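Protein chains: 4
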Amino acid sequence: MKLHKMKQVDITANMTVTELLDSMKNGGFTCRKVALATDLFLDMIRDESCTTFLGLAGALIPGGMRKVLYKIIEKEMVDCIITTGANLSHDLLETSGGSHFHGNIELDDAKIKELDVSKIFDTFVSYESFVKFENLVQKILDNIPNEPMSTRQFIYEIGRYVTDPNSIVKLAHDKKIPIFAPSFADSMLGVQSWLFSQMKPLKIDVLKDHTEFSKIIYESKKMGAMILGGGVPKHFIMNGSQLHDGLSYAVQITMDRPEHGGVSGASIKEAVSWGKVASDAKWIDIMGDVTLVLPLIITGVLSRL
Amino acid sequence: MKLHKMKQVDITANMTVTELLDSMKNGGFTCRKVALATDLFLDMIRDESCTTFLGLAGALIPGGMRKVLYKIIEKEMVDCIITTGANLSHDLLETSGGSHFHGNIELDDAKIKELDVSKIFDTFVSYESFVKFENLVQKILDNIPNEPMSTRQFIYEIGRYVTDPNSIVKLAHDKKIPIFAPSFADSMLGVQSWLFSQMKPLKIDVLKDHTEFSKIIYESKKMGAMILGGGVPKHFIMNGSQLHDGLSYAVQITMDRPEHGGVSGASIKEAVSWGKVASDAKWIDIMGDVTLVLPLIITGVLSRL
Amino acid sequence: MKLHKMKQVDITANMTVTELLDSMKNGGFTCRKVALATDLFLDMIRDESCTTFLGLAGALIPGGMRKVLYKIIEKEMVDCIITTGANLSHDLLETSGGSHFHGNIELDDAKIKELDVSKIFDTFVSYESFVKFENLVQKILDNIPNEPMSTRQFIYEIGRYVTDPNSIVKLAHDKKIPIFAPSFADSMLGVQSWLFSQMKPLKIDVLKDHTEFSKIIYESKKMGAMILGGGVPKHFIMNGSQLHDGLSYAVQITMDRPEHGGVSGASIKEAVSWGKVASDAKWIDIMGDVTLVLPLIITGVLSRL
Amino acid sequence: MKLHKMKQVDITANMTVTELLDSMKNGGFTCRKVALATDLFLDMIRDESCTTFLGLAGALIPGGMRKVLYKIIEKEMVDCIITTGANLSHDLLETSGGSHFHGNIELDDAKIKELDVSKIFDTFVSYESFVKFENLVQKILDNIPNEPMSTRQFIYEIGRYVTDPNSIVKLAHDKKIPIFAPSFADSMLGVQSWLFSQMKPLKIDVLKDHTEFSKIIYESKKMGAMILGGGVPKHFIMNGSQLHDGLSYAVQITMDRPEHGGVSGASIKEAVSWGKVASDAKWIDIMGDVTLVLPLIITGVLSRL
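Residue numbers (our numbering), protein chains in the order written: chain A, 1195 to 1499; chain B, 1195 to 1499; chain C, 1195 to 1499; chain D, 1195 to 1499.
If you are wondering where the hints come from, they were derived from the structure by calculation, not from laboratory data.
Predicted model only: the values in this text are computed from it and were never measured.
Hints should not be assumed to be uniformly reliable.
[Said to hold, decoys possible] List of simulated lysine-lysine pairs, BS3-like, C-alpha gap at most 25 Å:
no. : chain 1 : residue 1 : chain 2 : residue 2
1   : C       : K1369     : C       : K1265
2   : C       : K1333     : C       : K1369
3   : A       : K1326     : D       : K1201
4   : B       : K1463     : D       : K1463
5   : D       : K1305     : A       : K1196
6   : B       : K1199     : C       : K1265
7   : A       : K1476     : A       : K1463
8   : A       : K1196     : D       : K1463
9   : B       : K1196     : B       : K1397
10  : B       : K1305     : B       : K1269
11  : D       : K1199     : B       : K1463
12  : A       : K1402     : A       : K1416
13  : B       : K1402     : B       : K1416
14  : C       : K1463     : A       : K1199
[What the hints assert, rightly or not] The following label-pair restraints were derived from C-beta to C-beta distances:
no. : chain 1 : residue 1 : chain 2 : residue 2 : range
15  : D       : N1298     : B       : R1240     : 36 to 46 Å
16  : B       : L1437     : A       : N1298     : 52 to 62 Å
17  : C       : P1395     : D       : Q1392     : 17 to 27 Å
18  : D       : G1291     : C       : T1405     : 28 to 38 Å
[What the hints assert, rightly or not] Covered stretches of chain A, as calculated for chain D (at least 3 residues, CB under 8 Å):
no. : region
19  : 1199-1210
20  : 1290-1297
21  : 1308-1315
22  : 1361-1370
Beta carbons are placed, not taken as given, at the ideal position from N, Cα and C, and that holds for glycine.
Take the sequences, apply the hints, and build the full model.
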């Protein structure tokens, strides 16, 4: 084994994020992983033969990540997005004029409910925002074709009718970056879609997602993935990469643990045994909250693109 | 505040699980929570006005929980199950003659792959088992109606053609306990369903799940839930309980953390602010692995039913 | 790699803890680890050439583990104990007539303080109990020799004057099982010892611990350890085992994570690189709360001894 | 409850760390906590009536934090340090000419040992470095007074003989910032001190730490603390603050969980019930790895001091 002497992380008063990341390569544990993941994500993006997938799970927009995700799409860092329905719902909630809030997190949850507000760890959403969201979604759904659609088509169609320039649903539509949401039915958007479908025709064919997703995979020379949070998006990407030669690049950011065997916390290394990740792949698992880790990585990437 | 003197947990050589649980009420932290959750789950089951939901996420059958889940269904402890597709897939894999295995967890993942085996933390599944699973599923799907189905109907139809007496899919069918799998598309069963649908008609309408699920909810006087692992099943149950007066009883067992805002690790208490859990509900959150906690609780329940 | 077909965990209404553990060997993840750790701890105890060390960190007695620890000592399962000062303090607090309590965990912490009570996650200690503890300790310290003592001698001397038959400090004294508490100074017992030493002579020589501990180690043919919670006790045992050929047996139970490099969450496997654990050692790491895992293991051991 | 609309975190290519932190205040969860903790630590430092304590636990220098800790001391951000012995040992190891290394973390631990190297998660230390460390420590100890010393005096005396300008032990000595290490006996430095004491007189009086520490506390108008990792340093600081009116400011950074009742993962809020933290204190708990969080906070502080 070759040993490389560590230099320790150095910091200065007005250093840039990129300078800090560079210095963090001299440390150990999580700081070094974040620095190396920045390089790895850059490698993924710059490899022209690599189709890059982004998996989105967890409360990303309540956590403040809307603009960071926007930059990822705007700069076309990724070629395809797989998300839970919640991320779409929270994007459209902002688009509808609704908001996420800071407030008093010590307030009792029963009292929070009485104020027509709901809590997400240390952030809040108001009932009023949900109503705006619902009105927007119902209005948009009225324009959407009534043929059976994959979730990809469905979200693309929604994006067509979003006018908010800050929406990631709209931006992905405009950039023609496909968004799949294979488990969207359990989200607020899913519930609204169902309510709509009670009155007017709307058909979502989740099996069609596989047809479209496998087409993207078969057209890929190599596959890479940035996996945030795990969940269905991770599982769906890995189902796909198993049809290919496995992911050639992977970054995973999650706070979930591996010991219970569930997919969200499973190590990237274990995915090698499934053929979901290539045995010669470059990968980094980061144990940390996406809201802290992702802005660091994407700022680092932005400054070098 | 009334203070109750703790007596400490006592143990004896040949004590039963139920005796240990009774003694654990005298302790603190996780042991006491598990003991109290046993009582709470019993309360839920015995409350005739309560419709009890079971949420299944994570690698439960690779973790050895197939017979424990079987007992829950056999004794009709729950009225409705919401699961990821993976739990259905692993049940049917065992049904097909395939197996989960113990093996050498130190072996390198690339070498494990070369042996046509895949790893799930410290257990294994063989490629051969997957082939058996696939053959079984394709054969079953051939019998299934080609009208658009909810995932509930789809799984019910599958259960009709399963002959293995140890299958939880079959048992739930025979017991007429509905199983919903709103995100089943990202599972092995989802992939097989898609492959089948390429050749023959098969239509899964995930929005229809809401129609059927909301009917069950509207017919419920009270709602209770045992939530294992979180994920889409937790979210789906909570979406439903929001249409009602919130859950009156809830037990949650997960290793996920609350700090990143995602739903799997979110506290039950926070769900009160959403109206997903009633403000006067009885609930217990347990931080632990389902494979250890669930058999303790269900053994305790069995001995008192 | 040899693959062994898993049989799944089975449960019955009135099964004993030992029967459940036997069945848990058929599962995966944490349930199987707990079952295997029971066997491993039995192997350690039964191996007459093995000196067995018990490391105690964390809030074990507030968590209800006093009688479980008592049984471990009573049955002479271990030969030497290394503990934080807190475990000694909470044992002596109970001995003094003080108590740990259950109460209303929803009460605001500022209000809890006003009631002269302190919270430990979901248990409580009263100010009144601390006063009893302090009085007891001051009375005992009055009898203790004023020569410089290792923490082992100091705790042994304290044990001499404890009359409570339920005290683990007393039982260890009577059984001549040495207890080391190398970091005892930061505990309530440490503070009381300091207060005493302000008025009367009392000298604790923590370096002398190494003299006595290394003697025990050099007299051991093999070493084994049951490590609860990590912390200084784990580190101290491992410092010692490094002077030997490393631990031949190790069970670790903790909820700490390995990713930050700290010793508490570090894997037993990593300790092999330090010579703290023998490369051919038998070991199991369990990610779980000691209050749930330890009573299961010790009940299993009791029934087979 | 007053609700404040969230603006979402924004990033730009060459932004500084301080700009990123400012933007992170607009997010939620961990990113916002880190940003707010930066402000809170600044408040603590700027409050002239506040004595600020720094608690150091975990593998900080193997994680690359030596220069970050150096800056904290150099800029006199803190008035008193409480540490585990490991942090002193790793500082002196670097001082002695020894090193921490990056290497191949996939190598088997038994093979790593054969190479005379030891692993700390994803970093390494060589046996050769330990030898250098031991030689340095033995040489220094030869100069040290043989009267009974608190750990504070002991470390101060060591600092007197360190010539390495990068050493935090030396810098703290020069800056007259006291360092306590109440559990130092279980560290490499503790073992070396013991070996030395076998041949020559050396007496460490851990009870004397309380005398000196309580003097610092009684001279403080207010107390504040930055607590890294938990462990004995956290407990020791909190023991002290209980003698005062509790901490007025607290930042805690750890990956430990609260559910097992141990002090490392316990919430700052719970400490209010103990009088360890004032009921009107300002505090933030961060769930994350110190190696990632601390450089961000300290860079933010440096740029504003």
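Evaluation of the provided hints:
no.	hint	result
1	C:K1369 x C:K1265	12 Å, holds
2	C:K1333 x C:K1369	23 Å, holds
3	A:K1326 x D:K1201	18 Å, holds
4	B:K1463 x D:K1463	17 Å, holds
5	D:K1305 x A:K1196	13 Å, holds
6	B:K1199 x C:K1265	21 Å, holds
7	A:K1476 x A:K1463	10 Å, holds
8	A:K1196 x D:K1463	46 Å, violated
9	B:K1196 x B:K1397	58 Å, violated
10	B:K1305 x B:K1269	43 Å, violated
11	D:K1199 x B:K1463	24 Å, holds
12	A:K1402 x A:K1416	23 Å, holds
13	B:K1402 x B:K1416	23 Å, holds
14	C:K1463 x A:K1199	24 Å, holds
15	D:N1298 x B:R1240: 36 to 46 Å	58 Å, violated
16	B:L1437 x A:N1298: 52 to 62 Å	28 Å, violated
17	C:P1395 x D:Q1392: 17 to 27 Å	24 Å, holds
18	D:G1291 x C:T1405: 28 to 38 Å	30 Å, holds
19	1199-1210	holds (count 11)
20	1290-1297	holds (count 5)
21	1308-1315	holds (count 4)
22	1361-1370	violated (count 0)
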